[in-house]
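Quick note, the sequences are listed as chains F and P, same order. If you're matching positions, the first sequence starts at 1 in the UniProt record's numbering and goes up one per residue. If you're matching positions, the second sequence starts at 1 in the UniProt record's numbering and goes up one per residue.
Simulated from the structure, these hints should not be mistaken for laboratory data.
To spell it out: a stretch of chain F is covered by chain P in this simulated footprint if at least three of its residues, at any positions, have a beta carbon under 8 Å from a beta carbon of chain P; those stretches are: (1) 29-42; (2) 167-173; (3) 215-225.
Far from chain F, some chain P residues (derived; all Cβ distances over 10 Å): (4) K115; (5) T126; (6) H150; (7) A152; (8) Q180; (9) P184; (10) T187; (11) E216; (12) K263; (13) G303; (14) L313.
Residues from chain P shown here face chain F by an in silico Cβ test under 8 Å; the list is partial: (15) C62; (16) Q91; (17) K134; (18) A256; (19) G258; (20) F280.
For every residue, glycine included, the Cβ atom is placed at its ideal position computed from N, Cα and C.
Listed below are the residues making up each chain.
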Amino acid sequence: MTTRITVDPVTRIEGHLRIDVEVDEGKVTKAWSSGQMWRGIEKILVGRDPREAWLFTQRFCGVCTTVHAIISVRAVENALGMEVPVNAQLVRNIIQTAHAIQDHIVHFYHLSAVDWVDVVSALDADPKKAAQLAESLSDWHLNGPHEMKAVQDRLKAFVSSGQLGPFASGYWGHPAMKLPPEVNLLAVAHYLQALEVQNYANKIVAILGGKSPHIQNLAVGGISNSINMDSQSVLNMERLMMTKGWIDKLDHFVKTTYMTDVPAVGAFYLDWAGYGKGVANYLSVPDCPQDSKGTVFDLPGGYIENGDLSTFKPITSHGDPYFRDGVAESSKHAWYEGDAALHPYYGETEPQYTDFQDEGQYSWVKAPTFYGKRAQVGPLANVFVMVASGHEGTKKYLDGAMGTLRTVAGNPDIPIEALHSTIGRHAARAVRCGVMMDTLKQQWQKLIDNIATGDTDTFNPPVFPKGEVRGFEFHEAPRGALSHWVVIEDGKIKNYQAVVPSTWNSGPRDQNDEIGPYEASLMDNPVADPEKPLEVLRTVHSFDPCIACAIHMVDTEQKEIVKVKAL
Amino acid sequence: MAIHKNDQFEQRLGVSRRDFLKFCTGMAATIGLSTTDALAMAEAVEGAAKRPVVIWLHGQECTGPTESLLRGEHPTLERLILEMISLDYHQTLDAGAGHDVEHAKDASMAANKGKYLLVIEGSIPTKDGGIYCKIAGKTMLQHTQEAAEHAAAIVAFGSCASWGGVQSTGINPTEAQGAQAVLPGKTVLNLPGCPPNPYNFLATVLHFVTFGKLPELDEQNRPKFAYGRLIHENCERRPHFDAGRFAEEFGDEGHAKGWCLYKLGCKGPETYANCPAVEFNDIGGGTWPVGVGHPCFGCAEEGVGFTKPLFSLADVKTHTPPNEFPLIDQRENATGASTGAAALAGAVGGAVVGAGAMAAKKIGDAENNSSDNQG
Numbered sequence: 001m002t003t004r005i006t007v008d009p010v011t012r013i014e015g016h017l018r019i020d021v022e023v024d025e026g027k028v029t030k031a032w033s034s035g036q037m038w039r040g041i042e043k044i045l046v047g048r049d050p051r052e053a054w055l056f057t058q059r060f061c062g063v064c065t066t067v068h069a070i071i072s073v074r075a076v077e078n079a080l081g082m083e084v085p086v087n088a089q090l091v092r093n094i095i096q097t098a099h100a101i102q103d104h105i106v107h108f109y110h111l112s113a114v115d116w117v118d119v120v121s122a123l124d125a126d127p128k129k130a131a132q133l134a135e136s137l138s139d140w141h142l143n144g145p146h147e148m149k150a151v152q153d154r155l156k157a158f159v160s161s162g163q164l165g166p167f168a169s170g171y172w173g174h175p176a177m178k179l180p181p182e183v184n185l186l187a188v189a190h191y192l193q194a195l196e197v198q199n200y201a202n203k204i205v206a207i208l209g210g211k212s213p214h215i216q217n218l219a220v221g222g223i224s225n226s227i228n229m230d231s232q233s234v235l236n237m238e239r240l241m242m243t244k245g246w247i248d249k250l251d252h253f254v255k256t257t258y259m260t261d262v263p264a265v266g267a268f269y270l271d272w273a274g275y276g277k278g279v280a281n282y283l284s285v286p287d288c289p290q291d292s293k294g295t296v297f298d299l300p301g302g303y304i305e306n307g308d309l310s311t312f313k314p315i316t317s318h319g320d321p322y323f324r325d326g327v328a329e330s331s332k333h334a335w336y337e338g339d340a341a342l343h344p345y346y347g348e349t350e351p352q353y354t355d356f357q358d359e360g361q362y363s364w365v366k367a368p369t370f371y372g373k374r375a376q377v378g379p380l381a382n383v384f385v386m387v388a389s390g391h392e393g394t395k396k397y398l399d400g401a402m403g404t405l406r407t408v409a410g411n412p413d414i415p416i417e418a419l420h421s422t423i424g425r426h427a428a429r430a431v432r433c434g435v436m437m438d439t440l441k442q443q444w445q446k447l448i449d450n451i452a453t454g455d456t457d458t459f460n461p462p463v464f465p466k467g468e469v470r471g472f473e474f475h476e477a478p479r480g481a482l483s484h485w486v487v488i489e490d491g492k493i494k495n496y497q498a499v500v501p502s503t504w505n506s507g508p509r510d511q512n513d514e515i516g517p518y519e520a521s522l523m524d525n526p527v528a529d530p531e532k533p534l535e536v537l538r539t540v541h542s543f544d545p546c547i548a549c550a551i552h553m554v555d556t557e558q559k560e561i562v563k564v565k566a567l
Numbered sequence: 001m002a003i004h005k006n007d008q009f010e011q012r013l014g015v016s017r018r019d020f021l022k023f024c025t026g027m028a029a030t031i032g033l034s035t036t037d038a039l040a041m042a043e044a045v046e047g048a049a050k051r052p053v054v055i056w057l058h059g060q061e062c063t064g065p066t067e068s069l070l071r072g073e074h075p076t077l078e079r080l081i082l083e084m085i086s087l088d089y090h091q092t093l094d095a096g097a098g099h100d101v102e103h104a105k106d107a108s109m110a111a112n113k114g115k116y117l118l119v120i121e122g123s124i125p126t127k128d129g130g131i132y133c134k135i136a137g138k139t140m141l142q143h144t145q146e147a148a149e150h151a152a153a154i155v156a157f158g159s160c161a162s163w164g165g166v167q168s169t170g171i172n173p174t175e176a177q178g179a180q181a182v183l184p185g186k187t188v189l190n191l192p193g194c195p196p197n198p199y200n201f202l203a204t205v206l207h208f209v210t211f212g213k214l215p216e217l218d219e220q221n222r223p224k225f226a227y228g229r230l231i232h233e234n235c236e237r238r239p240h241f242d243a244g245r246f247a248e249e250f251g252d253e254g255h256a257k258g259w260c261l262y263k264l265g266c267k268g269p270e271t272y273a274n275c276p277a278v279e280f281n282d283i284g285g286g287t288w289p290v291g292v293g294h295p296c297f298g299c300a301e302e303g304v305g306f307t308k309p310l311f312s313l314a315d316v317k318t319h320t321p322p323n324e325f326p327l328i329d330q331r332e333n334a335t336g337a338s339t340g341a342a343a344l345a346g347a348v349g350g351a352v353v354g355a356g357a358m359a360a361k362k363i364g365d366a367e368n369n370s371s372d373n374q375g
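Put together the whole structure using the sequences plus the hints.
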């Protein structure tokens, strides 16, 4: 018998996502991913000054704060063919790497952990045993028995208050929960500690960016932070040293705790290496530009087809034609008119709401393709692409994670193919977080070294020509490959489009009715209890959905016809 | 008895009473309250048999306000939800999903009818019946109206919920509106800002928990403790404005010296918010947009943020700077000045002081016209 399950709202994500699945004999046989909110911010941008577009686009998302700001100024700079001072590149790199680390920590501990961790079971744990286990895995200083006992006491007080707030609706005692009570207690302790630690990363972003979320230190052509070692009012040695202090504290947690917890928890859920593969075409873009022209990157990018690393094709520069010419978006199954897959520069979008139609239109998200094929983006794509391109740091941390996984699981044979899975996406995020941490430290050092040469430049003024110019830029955001596309005419925005990581992953069926990465990854997922579809959440959460980001539109002709067929 | 009470307190809140009192004193100071009020706050939280229930709705938003709260450190988000309030519905944090959380929300609203605090994050699209934002098959407009009906108080957290925010500007493609606009007859407390400062929310909630009512509001229903003054009035770069020292471009000499950003389009002179007083992310000293050399763009102010061009000059709501000040060493009793020179300087100084008094009066007028009459 086929059972239809609608999960709406999907919680512990950014934005409004509805997931529908059909379950037959305990397995998912059909899936639909539907974005439920639309704002039309790009439409508002038309006619505005390109120098302020980043203030608007950053508001695509407060979780992916910083990313839509940095990439927007880069896209306009690309359209103008202008250079950016090295100091500005490095300050932006520090902000984006620190933000990525915060985002990954929060995703694991606060948004997705309770898919795997039974908080109520932690009440039955022996705090001493939990501490022994924790201390055998890492030298994080808050793993001792007193800490575990204090956390458990606090949890008891909370539960005995009878007011469970956001935890009242959890899947406690679900048959798919497999962790022993001690591991659950350890995870709860780190959930609470990580709430404090993620703020170390936010402070790094805020010292340079003015605040977090939503930084305010950018300018087309550079940054607004003047560098002056002899002023108390701008970026000086005190500010730089304060940034470094938080970087070091953050490094300690990432290396000893987050990167250990993910494989340690994963070791109890090895069956989830068999679920959630989905689309195995992986797209990732280079990032952390090192020179003023954006031709040298610290982190490589490229494309891999069908999970085969030997097909790796690099993406090498800002404005890379291989990337530029491969991207298209289809709205055949989205709530817009038209079926064809169009390039972002030529995107035409007319809202056409129909309510949810299984075989027709069912989402505000469009369906992007890369040379006609669906692609998965995000940390898993990034790790495969980095390994294929020979990135040493990625290989080192991947080996480390696989080592911890095998040790905690009792040394079974775990092939690298296990990464094409729900649990693999979590593991890849931890690996990438380690790489981001090292990159953050390097960018800070490079900034100091560059200032030491006497270079304090932070801004080149942009000049807008008469007539039309166009440009695009990419950024490897926490959720994967992001690109912004802009057409400028006489110094005003004529067209603006963002092709966002969660658009790649959460998009509906495309022009050929092929399902997207979320939908494909849900196929054959087990569902033990249709009333409590925890397993569906596990796979969807492994992508780290960000739906406000994913939904955009451009309307070059400024038409505003909306056809409402149902409601 | 006292010891016993303290033990109970520690068990329930997981924090020492001493630490908690310290926290309340700091929070009271943020709102501009006395130590006695701080003690009353502590009593209110300690004595509560049940934590106050909060229902939190997400409309057209970017989750910036929730992310902002995640960055709070006094108190932390964890203290807030484990010990101070009962957050019975919040899509970003709820452990369950789908019908489970919708059921939990309905049950909580029924059980706490007339007693829960409703928080709205994000705007509400009203075009075409509100189809541009749906949760569990219902529009945000319906969710907002239903939840507001029996709420004890309603807080709009962020510019989107307060006045529509970024998606309501320009052509406003979805006819996005703030909560107050779709809830006629209700009082909605507005905490604009993009994102809003978490401490304005936390202080408001603690005020509500303590005194059972909302803090004093201005004519746009913004609490005066947070929005009673222009950014310009508390800005650390204000002396440069008054002295006529302006940065003209990012990275120029004045910019590198930390001069006023007015000529780069700073909207501090027409935006009401406490950014320079409270700052962001608990770093201290210069951590806010102007502190990193960027003009304020008025994100909190309807009609300014996302509306006026970034680099256009602000409409200065207070006074413009006087052209000259007396030299400090020419005033009375200054070392080295002759008696006659000092007398002359005194006379000139007197005239300038008179001008200063006029300027001060204008500030007072501007405050009265806008929102602050607490001084």
